[in-house]
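Visitor: Top to bottom, those sequences are chains G and P.
With UniProt numbering applied, the first sequence closes on residue 308, and no number is skipped along the way.
With UniProt numbering applied, the second sequence closes on residue 311, and no number is skipped along the way.
Rather than coming from a laboratory, the hints here were simulated on the basis of the structure.
Among the hints, erroneous ones may be present.
[What the hints assert, rightly or not] Listed next, the in silico DSSO-like pairs over lysine-lysine satisfying Cα-Cα at most 27 Å (straight line):
hint, chain 1, residue 1, chain 2, residue 2
1, G, Lys132, P, Lys29
2, P, Lys221, P, Lys118
3, G, Lys208, G, Lys161
4, P, Lys221, P, Lys301
5, P, Lys118, P, Lys209
6, P, Lys29, G, Lys208
7, P, Lys301, G, Lys296
8, P, Lys221, P, Lys209
9, P, Lys118, G, Lys297
Quick caveat: nothing in here was measured; it's all calculated off a predicted structure.
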Amino acid sequence: MTTTASRAPLAKPARRRRPFNPRRAGAWALLILAIAVSVLPFLWVLRTALSTNSALASASASLLPADFTFGAFLRVFGLQTPAEAVAEGGSGAAIDFWLYLRNSLIFSSITTAGAVFFSAMAAYAFARLRWKGRNAVFSLFLGTMLVPPIFTALPNFLLIKNLDLLNTMLGMVLPYVFMTPFAIFFLRQFFLNMSREVEEAAMLDGAKHLRIFFQIVLPNAAAPIATLALLTFIGQWNEYFWPLLVGSQDDVRVLQVGLGVFKSQSPQGAPDWSGLMAATLISALPVLILFAAFGKKIVNSIGFSGIK
Amino acid sequence: MTTLTRNPGSREHGLTRTLRRRTGHSDVKIALFFIAPALIGFVFFYLVPTIRGIYLSFTEYNILGDPEWIGMENYQAIAKDPLFWNSLAVTGQYVLLNIALQTALALGLALLMHNVAKSTLIRGALLLPYLMSNVIAALLWFWMLDYQIGVVNQFIEWTGMSRIAFFGSEEWAIPTQALINTWRHMGYTALLIFAGLQAIPGHVYEVAKLDGASAWQTFRKITIPLLRPVLVLVLVVTVIGSFQVFDTVAVTTQGGPVNATRVIQYYIYQRAFTESDFGYGSAIAVILFLILALVAFIQMKFLKGNESDLD
Numbered sequence: 001m002t003t004t005a006s007r008a009p010l011a012k013p014a015r016r017r018r019p020f021n022p023r024r025a026g027a028w029a030l031l032i033l034a035i036a037v038s039v040l041p042f043l044w045v046l047r048t049a050l051s052t053n054s055a056l057a058s059a060s061a062s063l064l065p066a067d068f069t070f071g072a073f074l075r076v077f078g079l080q081t082p083a084e085a086v087a088e089g090g091s092g093a094a095i096d097f098w099l100y101l102r103n104s105l106i107f108s109s110i111t112t113a114g115a116v117f118f119s120a121m122a123a124y125a126f127a128r129l130r131w132k133g134r135n136a137v138f139s140l141f142l143g144t145m146l147v148p149p150i151f152t153a154l155p156n157f158l159l160i161k162n163l164d165l166l167n168t169m170l171g172m173v174l175p176y177v178f179m180t181p182f183a184i185f186f187l188r189q190f191f192l193n194m195s196r197e198v199e200e201a202a203m204l205d206g207a208k209h210l211r212i213f214f215q216i217v218l219p220n221a222a223a224p225i226a227t228l229a230l231l232t233f234i235g236q237w238n239e240y241f242w243p244l245l246v247g248s249q250d251d252v253r254v255l256q257v258g259l260g261v262f263k264s265q266s267p268q269g270a271p272d273w274s275g276l277m278a279a280t281l282i283s284a285l286p287v288l289i290l291f292a293a294f295g296k297k298i299v300n301s302i303g304f305s306g307i308k
Numbered sequence: 001m002t003t004l005t006r007n008p009g010s011r012e013h014g015l016t017r018t019l020r021r022r023t024g025h026s027d028v029k030i031a032l033f034f035i036a037p038a039l040i041g042f043v044f045f046y047l048v049p050t051i052r053g054i055y056l057s058f059t060e061y062n063i064l065g066d067p068e069w070i071g072m073e074n075y076q077a078i079a080k081d082p083l084f085w086n087s088l089a090v091t092g093q094y095v096l097l098n099i100a101l102q103t104a105l106a107l108g109l110a111l112l113m114h115n116v117a118k119s120t121l122i123r124g125a126l127l128l129p130y131l132m133s134n135v136i137a138a139l140l141w142f143w144m145l146d147y148q149i150g151v152v153n154q155f156i157e158w159t160g161m162s163r164i165a166f167f168g169s170e171e172w173a174i175p176t177q178a179l180i181n182t183w184r185h186m187g188y189t190a191l192l193i194f195a196g197l198q199a200i201p202g203h204v205y206e207v208a209k210l211d212g213a214s215a216w217q218t219f220r221k222i223t224i225p226l227l228r229p230v231l232v233l234v235l236v237v238t239v240i241g242s243f244q245v246f247d248t249v250a251v252t253t254q255g256g257p258v259n260a261t262r263v264i265q266y267y268i269y270q271r272a273f274t275e276s277d278f279g280y281g282s283a284i285a286v287i288l289f290l291i292l293a294l295v296a297f298i299q300m301k302f303l304k305g306n307e308s309d310l311d
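Could you put the whole structure together from the sequences, leaning on the hints where they help?
Guide: Here it is, written out as structure tokens:
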């Protein structure tokens, strides 16, 4: 951080108060503009979610919630009677985001736990064990990163259908739960760079690979595994296409799919904007919480993805 | 990318080898144990589906009954299908807009961050949209860009221009989708480029400064060439990702107005799942797969993505 100041063409030596530099000020202005474009829409969503639909139409440019109410949140959680919902501009159709929230949590947690753990096992075999064909198998695994998801989604849908698992949580998690190519690639990098000494000492003591894996390799890689779990969870939380194909029924529908359904339920032409934005916010909330808690970890992981 | 080529075999420590020779046991069985779950996932949900997808593309299959082998008929039909060519054109337009907008904005942002502010907080704020799902990004902008009461159109009207039907007009529909995608990816791409900028050694810049190079010369003659591997990676990721646009279209315009946003993946989805024509859908998916492979190959080959100019 500190060493880089000298190489930056625009930056003057730090610490002392700088004289006003128009180029620097311009750069800051652009940066602030970019931050505003990235962040302000979320505040607008919040403001809309706390407004009533009728007030939104008349006061569409006021910065504060128009006719403040928590009605939209009550509505998407199914806590309003149909009559109340219709009065506030909702469709009156039964919508239960608690259920979708629960489904999303189950779907994302199971797939993340499974994919990270099984990928860690595989990564251990690829990084720390010696066996014939290892590099060939690894290349094959990596090759799957190049296959576009839509391409495998069609046959995978048929497989899940033939197994009679459509609209079940099992059918939804199966393609993700065993591994993701990225997770294997990511963890293998870390396992390769781990020191062998502890591992070998344990081996001389007669420790088996299973013990080495659980007691030495996993604890030592706790940080990258946590980062990977975080990224995988967010990715799974945001997954739309596969859950749309396989989990279209209410009892397994995840938030992202529920949002789409909610959007298409607009009554008498006028969409339930405040309800939709309340639902959007609820769908974003878990990721926002994770980001507030582990933002630094997430930010610092960008740039890893393959670049030396 | 470059890290892939490192040969892991060479890292094997001598002691392990001695150990193994002494105990005379090989790792094959234990390796199989460790790799078994991932292997199941790989075989059943990646390898077999890939082969099955190619097979299905040569069949007629409407889910009921068995796939019926029809050779190249799907591909012949696709060649004469105006909707397919339209989807290709529409997707191509979307990809080009994304490359132009996203790469240019991200490069600019990365340079700004590199020069004036490297704080994690700023990077975090810029990354926020990327962590949101496509569905959320789409709905958020669907609301903000609404023709009647969306805040953007309010602003446009306030400046004295006339309102824009961002999702409702054929000429705006694809640029709007590209804008949503750019909004979501701009910060992420900027962070990737920023990481690349950080990796350029400072002494290169100092030498340029001593030689009296201007900021623009430094940028063109030093920054861009040294950044090339990162830029190629960013380009590959952007192009391959944009070709597979689906979520934002499915949530907002559903292919319309008319055919303006019927992108390739949405067309595949419609053929396979709404019209139950899995053979035809698979054939288009094969074509998409080939296009992506070709794009990645060209970009890596001709832009020499995995070599740095630094050496």
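Visitor: Now tell me, hint by hint, if it's right for this structure.
Guide: Results for each hint:
1. Lys132/G with Lys29/P: Holds, at roughly 11 Å.
2. Lys221/P with Lys118/P: holds, 23 Å
3. Lys208/G with Lys161/G: violated, 41 Å
4. Lys221/P with Lys301/P: holds, 22 Å
5. Lys118/P with Lys209/P: holds, 22 Å
6. Lys29/P with Lys208/G: With Cα atoms ~13 Å apart, Lys29/P and Lys208/G stay inside 27 Å; holds.
7. Lys301/P with Lys296/G: violated, 35 Å
8. Lys221/P with Lys209/P: Holds, at roughly 12 Å.
9. Lys118/P with Lys297/G: Between Lys118/P and Lys297/G the Cα gap is close to 15 Å, so the pair holds against 27 Å.
In terms of the numbered hints stated before, the structure departs from hints 3, 7, listed from lowest to highest.
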